[in-house]
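Visitor: Those letters in the sequence shown? Residues -16 to -1, 1 to 318, by mature numbering (1 follows the signal peptide of the UniProt record, and there is no 0).
Each hint should be verified, as a subset may be incorrect.
Per label pair, the in silico range of CB-to-CB distance [as the list claims (entries may be wrong)]:
1) A138 with L112: 18 to 24 Å
2) R225 with Q114: 23 to 29 Å
3) R30 with E308: 36 to 42 Å
4) N157 with E283: 26 to 32 Å
5) K116 with T88: 17 to 23 Å
SDA-like cross-link-like pairs, simulated, lysine to any residue; straight-line CA separation at most 25 Å [unchecked claim]:
6) K61 with I92
7) K167 with Q114
8) K311 with R225
9) K61 with V230
10) K294 with P168
11) K167 with I92
12) K116 with S103
13) K297 with P168
14) K136 with T156
15) K316 with E161
16) K294 with S268
17) K109 with V230
18) K311 with E183
19) K297 with T34
20) K61 with K76
21) K109 with V226
22) K167 with E90
23) K300 with G229
24) K302 with Y28
25) K294 with N306
26) K61 with N73
27) K294 with F239
28) K109 with T137
29) K316 with V226
30) K297 with F239
31) K311 with Y299
32) K294 with E180
33) K167 with E106
34) K76 with R105
35) K297 with E228
36) K109 with S166
Think of the hints as simulated: they come from the structure by calculation, not from any bench.
These numbers come from a predicted model, not from an experiment.
Glycine included, every Cβ here is placed at the ideal spot set by N, Cα and C.
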Amino acid sequence: MLWLLLMSLQVFSAMAATTTAVCVAATAVGLWLVRKFRERQWGYCRSRRTLEGRVCIVTGANGGIGFEVAKDLARRKARVILACRNLNNARKAVEDIRREGILTGELIPMQLDLSSLESIREFSKEALEQFKEIHLLVNNAGVYVPVAEKQKTADGFELHFGVNHLGHFLLTNLLIERIVTSKPSRIVTVSSTLHEKGEIDFNNLQLEDLSNLDPKKSRTNPGYCNSKLANALFSQELAQRVPEGVSTYAVCPGFTLTNLFRSFNPKFYHYIMFAPIMYWYMRSATQGAQGVIACAVSEDFEGQSGLFYKDCKLYKSKADLNPEIAKKLWEKRT
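Using the sequences plus the hints, can you model the full thing?
Guide: Structure, rendered in structure tokens:
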């Protein structure tokens, strides 16, 4: 009798283990299918355009999306300026691209700290002296830090607003004359759909007062969201100020695995909690770069300007990208 009982327990244990294994396998397959379905929706830049002789500047090109964009442009035989805060990191990025077997194009590392107006002016002066034409500017570099820390740039601006928006605003304006004379040319600014949670409060642009933020919008980082809204408005207003032949694009790369969140120190359990969500939604840097690359080179977007893009196609923003606010924001910074 005892022998039969033990045998029964062994059978039930084996069945339970088998059932668990089947459930785990089914879940894994389901996650994989969802992932593949989402990847198909993200889009891919299909353009085969070559950029031989074209001069391209990519900010933040030492890692993440910027690195992938620079790599793609080099593959297209462009002259690519890797504009990075740390010059050694820019040089290493050049080495990494060459190590991957991309031997075409010219890769030029240059130092650019977007948190310093002096550095931006020095970079622009050097770029204008060195390059008689500039055909593409990719405003990619960005920061994301805890807004409660109230970090500032070297010139006293709120860090997100100063780096993500003002730095690129100044850089673009210092280079714009050369970009115009080099047309057809493009200016691509990396924004985010998180701009839909941002707001432009002209009385609180530097987020000195965190007490009056819209609670529906401030659940995410308000500094970052506001700067991404400023990016979208900047690109829209820029389109009104440049002549035909110069196209501007604001683009969301999607939720992408980069070092943007390097200022955060997540706990071990955070990885366990968010691993499934990250697997469903997070893109690789290569996948996140596709929309940026499409805006930079695709024939499909020829002649379009001042619009917002995601997943390699036009995106209808849920935010009110009011032209009057865009104009006021521009004029407030000049």
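Visitor: Compare the structure with each hint and give your call.
Guide: Against the structure, the hints:
1. Between A138 and L112 the Cβ separation comes to about 22 Å, which falls inside the hinted range of 18 to 24 Å.
2. Taking 23 to 29 Å as the suggested C-beta distance range, the pair R225 and Q114 conforms, at roughly 25 Å.
3. Restraint check, R30 to E308: a C-beta distance of roughly 37 Å satisfies the suggested window 36 to 42 Å.
4. At about 28 Å, the CB distance of N157 to E283 agrees with the hint of 26 to 32 Å.
5. Separation of K116 from T88 is about 21 Å and conforms to the stated range, judged on CB atoms against 17 to 23 Å.
6. Between the alpha carbons of K61 and I92 the distance comes to roughly 13 Å, so the proposed pair stays at or under 25 Å and holds.
7. At roughly 18 Å between alpha-carbon atoms, K167 and Q114 fall within 25 Å of each other, so this suggested pair holds.
8. For the given pair, K311 sits about 10 Å from R225 by alpha-carbon distance, which is consistent with the 25 Å threshold.
9. For the hint pairing K61 with V230, the CA-to-CA distance comes to about 21 Å; that is within 25 Å, so the pair holds.
10. In summary, the hint linking K294 to P168 is supported, as the alpha carbons are separated by about 23 Å, within the 25 Å threshold.
11. Between K167 and I92, the direct Cα distance comes to roughly 21 Å. Compliance with the 25 Å bound is thereby established for this hinted pair.
12. The straight-line distance between the Cα atoms of K116 and S103 is roughly 20 Å, inside the 25 Å bound, and the hint therefore holds.
13. Our distance criterion of 25 Å between C-alpha atoms is met by K297 and P168, whose separation comes to about 21 Å.
14. For the hint linking K136 to T156, the alpha-carbon distance of about 21 Å falls within 25 Å, and the restraint holds.
15. A C-alpha spacing of about 21 Å is found between K316 and E161, which places the hinted pair at or below 25 Å, so the restraint holds.
16. Pair hint K294 plus S268 holds up; C-alpha atoms about 15 Å apart against a cutoff of 25 Å.
17. Distance check on the hinted pair: K109 and V230 sit about 21 Å apart at the alpha-carbon level, within 25 Å; holds.
18. Simply put, K311 and E183 have alpha-carbon atoms about 15 Å apart, close enough for the 25 Å limit, and the pair holds.
19. Note on K297 and T34: the hinted pairing holds, with a Cα-Cα distance of about 21 Å set against a maximum of 25 Å.
20. Note on K61 and K76: the hinted pairing holds, with a Cα-Cα distance of about 19 Å set against a maximum of 25 Å.
21. Distance restraint check for K109 and V226: the Cα-Cα separation of roughly 21 Å lies within the 25 Å cut-off, and the hinted pair is therefore satisfied.
22. Restraint check for K167 and E90: satisfied, since their Cα atoms lie roughly 20 Å apart, inside the 25 Å limit.
23. Between the alpha carbons of K300 and G229 the distance comes to roughly 24 Å, so the proposed pair stays at or under 25 Å and holds.
24. About 23 Å separates the Cα atoms of K302 and Y28, which keeps this hinted pair within 25 Å; it holds.
25. Only pairs whose Cα atoms come within 25 Å are accepted, and K294 paired with N306 is accepted, the gap being roughly 20 Å.
26. With a C-alpha separation of about 22 Å, the suggested pairing of K61 with N73 holds against the 25 Å cut-off.
27. Between the alpha carbons of K294 and F239 the distance comes to roughly 11 Å, so the proposed pair stays at or under 25 Å and holds.
28. Our distance criterion of 25 Å between C-alpha atoms is met by K109 and T137, whose separation comes to about 21 Å.
29. Distance hint between K316 and V226 is fulfilled; the C-alpha atoms sit about 18 Å from each other, no more than 25 Å.
30. For the hint pairing K297 with F239, the CA-to-CA distance comes to about 16 Å; that is within 25 Å, so the pair holds.
31. For the hint pairing K311 with Y299, the CA-to-CA distance comes to about 21 Å; that is within 25 Å, so the pair holds.
32. For the given pair, K294 sits about 13 Å from E180 by alpha-carbon distance, which is consistent with the 25 Å threshold.
33. With a CA separation close to 24 Å, the supplied pair K167 and E106 stays within the 25 Å bound.
34. Between K76 and R105 the alpha-carbon distance is near 24 Å, which keeps this suggested pair within the 25 Å criterion.
35. For a cut-off of 25 Å, the pair hint linking K297 to E228 stands: about 21 Å separates their Cα positions.
36. Restraint check for K109 and S166: satisfied, since their Cα atoms lie roughly 17 Å apart, inside the 25 Å limit.
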